[in-house]
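Asker: Sequence order for the protein chains is L and H. Offset between the first sequence (1-based) and this note's numbering: plus 303. Offset between the second sequence (1-based) and this note's numbering: plus 303.
Don't read these hints as lab results, they were simulated from the structure. Remember, it's a predicted structure, so these values are computed and weren't measured experimentally. It is possible that some hints are incorrect.
The list makes no distinction among identical chains, and a pair is therefore deemed to hold if it is satisfied within one copy or across any two copies.
DMTMM-like, lysine to aspartate or glutamate: derived pairs with alpha carbons at most 25 Å apart [claimed, not checked]:
| # | residue 1 | residue 2 |
| --- | --- | --- |
| 1 | Lys-539 | Glu-719 |
| 2 | Lys-720 | Glu-605 |
| 3 | Lys-560 | Asp-476 |
| 4 | Lys-372 | Asp-625 |
| 5 | Lys-608 | Glu-583 |
| 6 | Lys-539 | Asp-370 |
| 7 | Lys-453 | Glu-654 |
| 8 | Lys-560 | Glu-474 |
| 9 | Lys-720 | Asp-671 |
| 10 | Lys-587 | Glu-422 |
| 11 | Lys-720 | Glu-635 |
| 12 | Lys-397 | Glu-433 |
| 13 | Lys-394 | Glu-628 |
| 14 | Lys-372 | Glu-357 |
| 15 | Lys-720 | Asp-449 |
| 16 | Lys-539 | Glu-628 |
| 17 | Lys-562 | Glu-474 |
| 18 | Lys-371 | Glu-654 |
| 19 | Lys-587 | Asp-476 |
| 20 | Lys-673 | Asp-449 |
| 21 | Lys-394 | Glu-407 |
| 22 | Lys-372 | Asp-601 |
There are 2 protein chains.
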Amino acid sequence: MPNDLAPGSSGQAGVAQRGALHGVRVVDLTQFEAGTSLTQTLAWLGAEVIKVEEPTKGEQGRGASTDKKGVDSHYFMLLNANKRSVTANLKTEKGRALLRGLIEKADVFAENFAPGVIERLGFGYDVVREINPRIIYAQVKGFGQDGPYKSFLAFDMIAQATGGAMSITGEPDGRPIKPGLTIGDTGTGLHGAIGVLAALYQRQFTGEGQRIQLAMQECVINYGRISYAAQALWGKAAPRMGNQSIMGTNSPSETYKCKGDGPNDYCYIYTSRANPQHWERLLKIMGREDLIGDARFDSPQERFKNRHLVDEMIAQWTIHHDKMEVMQRLGEQGIPAGAIMDTMELSNDPELNRREIFVTVKHPVRGDFKMPGWPVKMSNSQVPITAAPLLGADTDEVYGKLLGLSKDELAALHEEKII
Amino acid sequence: MPNDLAPGSSGQAGVAQRGALHGVRVVDLTQFEAGTSLTQTLAWLGAEVIKVEEPTKGEQGRGASTDKKGVDSHYFMLLNANKRSVTANLKTEKGRALLRGLIEKADVFAENFAPGVIERLGFGYDVVREINPRIIYAQVKGFGQDGPYKSFLAFDMIAQATGGAMSITGEPDGRPIKPGLTIGDTGTGLHGAIGVLAALYQRQFTGEGQRIQLAMQECVINYGRISYAAQALWGKAAPRMGNQSIMGTNSPSETYKCKGDGPNDYCYIYTSRANPQHWERLLKIMGREDLIGDARFDSPQERFKNRHLVDEMIAQWTIHHDKMEVMQRLGEQGIPAGAIMDTMELSNDPELNRREIFVTVKHPVRGDFKMPGWPVKMSNSQVPITAAPLLGADTDEVYGKLLGLSKDELAALHEEKII
Chain L
304 MPNDLAPGSS GQAGVAQRGA LHGVRVVDLT QFEAGTSLTQ TLAWLGAEVI KVEEPTKGEQ
364 GRGASTDKKG VDSHYFMLLN ANKRSVTANL KTEKGRALLR GLIEKADVFA ENFAPGVIER
424 LGFGYDVVRE INPRIIYAQV KGFGQDGPYK SFLAFDMIAQ ATGGAMSITG EPDGRPIKPG
484 LTIGDTGTGL HGAIGVLAAL YQRQFTGEGQ RIQLAMQECV INYGRISYAA QALWGKAAPR
544 MGNQSIMGTN SPSETYKCKG DGPNDYCYIY TSRANPQHWE RLLKIMGRED LIGDARFDSP
604 QERFKNRHLV DEMIAQWTIH HDKMEVMQRL GEQGIPAGAI MDTMELSNDP ELNRREIFVT
664 VKHPVRGDFK MPGWPVKMSN SQVPITAAPL LGADTDEVYG KLLGLSKDEL AALHEEKII
Chain H
304 MPNDLAPGSS GQAGVAQRGA LHGVRVVDLT QFEAGTSLTQ TLAWLGAEVI KVEEPTKGEQ
364 GRGASTDKKG VDSHYFMLLN ANKRSVTANL KTEKGRALLR GLIEKADVFA ENFAPGVIER
424 LGFGYDVVRE INPRIIYAQV KGFGQDGPYK SFLAFDMIAQ ATGGAMSITG EPDGRPIKPG
484 LTIGDTGTGL HGAIGVLAAL YQRQFTGEGQ RIQLAMQECV INYGRISYAA QALWGKAAPR
544 MGNQSIMGTN SPSETYKCKG DGPNDYCYIY TSRANPQHWE RLLKIMGRED LIGDARFDSP
604 QERFKNRHLV DEMIAQWTIH HDKMEVMQRL GEQGIPAGAI MDTMELSNDP ELNRREIFVT
664 VKHPVRGDFK MPGWPVKMSN SQVPITAAPL LGADTDEVYG KLLGLSKDEL AALHEEKII
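Could you put the whole structure together from the sequences, leaning on the hints where they help?
Answerer: Next comes the structure, spelled out in structure tokens:
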């Protein structure tokens, strides 16, 4: 299924240079993050993702937390790279006809409007399936759509609250804390991508599309899976553990203050219960060979019992060393250790840039913008990352080439403010 | 590609009852969580996942944090449902021959040993590809395998430290906090599943397998994507925001203490900047209609400027109401609100049980065990969840049916302790 419109395919020869989803076309009605991260993932795997947007302001994320009125936000750019943008006023019959035309030629349809909105727009699953029975129709909502909260609105924080994430994050004696990662949003989008990919594979054998439904609350629960082992072990709800491991039976398993007075001058140090050598190696590096064999620390159980002594001893050593030095010295000796890295340190890291975990895209208005890339490295699927499209950047080309509209027809639709 | 061995396929008729990955066979060399969550995902989509384990103790996760010595841990059960288990001593030539036999008949190979181990075992990518060029070979490590930390060990917390998660989680004036969700582990496993699924799709057109490589640090960065918008906006590393939204420009966007003295008697309340009605509706519910139109609160900017007043006012109301009542009253009026739910409340929730977000499996030793299920609901792919296998439960059947070993041959291998 060759596809002249796919970004990343032009000018490249040979299958190995293509993305895995080369030839897959996605009609993208998503906004903000939970939906856009789903279609962003598909775009980074090589699918042609066509955002269909309201013609005057476009998708709401364009204006969300922007520093320059009328200029697409960084937030939007992070979630809509490698996509195309067309406009269609779906409140008009002509606008809806354009969307129907796209659906006829698409493999995937994705939306994350508030509950009930897509049906009111006239593009519920039953309608879309009738237009194209091969389509995979993916929907992200806050809560299960046959339950008591089906009509409730959700944002990332609501999903993290109701999905258990906040109950298990924070200091043991503190209030519930929201993880800074957007597990309710991007975490759900990635689950959606899994569903769509599985359905694309299945369609090769069945010839039929299907419906994929995701609830943000429920996807957050999946990331908290291990807490249910802690609950089973202790017979009560999993508590907040500060920085201890979830099962709470390990020492050391902590962040230790390092040299410096920055908010992130800490290093996490962990020794596995399964590998007693970790502890001995750590003692040697700290110059505490005298404690090798000491009964207070000589088994995971004893170390855990005496964890306050363990923590104190390690902290007295780390405070004299830079966090990166601590990580380096422990890591090269085979002890699990990780400096607390902040977003600036990460985005400036030369290795992460070389590996394209951070990439710089050229945006037509903002110019160069550095953003996180796609971390799944596939030997036969490479898709260069390109900047998010301006509103309607691909309207004429997509409607012209894909739907066969003439220049005159396009001009009339512009005139009527339908596109 | 019919497949008599796939769990979930026996006794079911028709494609609609099958999993999306029916017929896909996975050779699973993973352990603990980052790898097992990858293959768990594939199993829940209907693949036949065959764990290949060391014959005496099996995969290390079986004994990790178990409360009963010799009985598989809850942790293991959570990550290995719907899989099969065979044993093979890979330190013997006969054991390696068995694994080679499985690889010949497999679609996917997955491993997450410490760096260098799989190559030393003799099953690096080059070897496995030669045995089966169609195989998709997925590897999870802590860090990029061509960078300075390539040999460093990683566990979930190390990935969360070095991937930026901890730097953006916690109180603004507190230390970095580890999210309780295992984003370094399961978060990476889900990225791996995306890579494998995309490669399976691509293979339909190319006929060739490929290599998928994941670094836990890098996958954590992807979940922290939005922080890079905050960094771009402010020109400095994204800070810890307590429970505020990441962009930190919204009010209310907080957890509010509710009635009761449990550690999770809080409700998150959020009003979108994009929808001014949220705030007005909230004032009405709190009986503060008098403040509608008050200049101090009449725009997102003003509310944010006066956020301490906003927080105080809301907290004075919520403290008199149960968290579930607060969520219910706000949610049904279209205001985003989420009670902080703990793991016990979630696993006891009748709706989440009915929707099979929690399922009870029957384990041959532990009996009934309730665990989180798979949250991606697909209309044409249903896979009932079954308990994790005992060590070697499927050894004879798999080697017999798939590799054609006779009863005598199997008996000899048992005798020699190779299986």
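Asker: Hint by hint, say whether it matches the structure.
Answerer: Hint check:
no.: 1; hint: Lys-539 x Glu-719; verdict: neither (62 Å within a copy, 45 Å between copies)
no.: 2; hint: Lys-720 x Glu-605; verdict: neither (73 Å within a copy, 34 Å between copies)
no.: 3; hint: Lys-560 x Asp-476; verdict: both (20 Å within a copy, 15 Å between copies)
no.: 4; hint: Lys-372 x Asp-625; verdict: neither (42 Å within a copy, 41 Å between copies)
no.: 5; hint: Lys-608 x Glu-583; verdict: within (17 Å within a copy, 53 Å between copies)
no.: 6; hint: Lys-539 x Asp-370; verdict: between (46 Å within a copy, 15 Å between copies)
no.: 7; hint: Lys-453 x Glu-654; verdict: between (45 Å within a copy, 11 Å between copies)
no.: 8; hint: Lys-560 x Glu-474; verdict: both (16 Å within a copy, 16 Å between copies)
no.: 9; hint: Lys-720 x Asp-671; verdict: neither (32 Å within a copy, 61 Å between copies)
no.: 10; hint: Lys-587 x Glu-422; verdict: neither (65 Å within a copy, 29 Å between copies)
no.: 11; hint: Lys-720 x Glu-635; verdict: neither (62 Å within a copy, 36 Å between copies)
no.: 12; hint: Lys-397 x Glu-433; verdict: within (19 Å within a copy, 55 Å between copies)
no.: 13; hint: Lys-394 x Glu-628; verdict: neither (60 Å within a copy, 37 Å between copies)
no.: 14; hint: Lys-372 x Glu-357; verdict: within (18 Å within a copy, 61 Å between copies)
no.: 15; hint: Lys-720 x Asp-449; verdict: neither (38 Å within a copy, 52 Å between copies)
no.: 16; hint: Lys-539 x Glu-628; verdict: between (40 Å within a copy, 23 Å between copies)
no.: 17; hint: Lys-562 x Glu-474; verdict: both (23 Å within a copy, 21 Å between copies)
no.: 18; hint: Lys-371 x Glu-654; verdict: neither (32 Å within a copy, 44 Å between copies)
no.: 19; hint: Lys-587 x Asp-476; verdict: neither (34 Å within a copy, 34 Å between copies)
no.: 20; hint: Lys-673 x Asp-449; verdict: between (41 Å within a copy, 22 Å between copies)
no.: 21; hint: Lys-394 x Glu-407; verdict: within (19 Å within a copy, 55 Å between copies)
no.: 22; hint: Lys-372 x Asp-601; verdict: between (62 Å within a copy, 20 Å between copies)
Of the numbered hints listed earlier, those contradicted by the structure are 1, 2, 4, 9, 10, 11, 13, 15, 18, 19.
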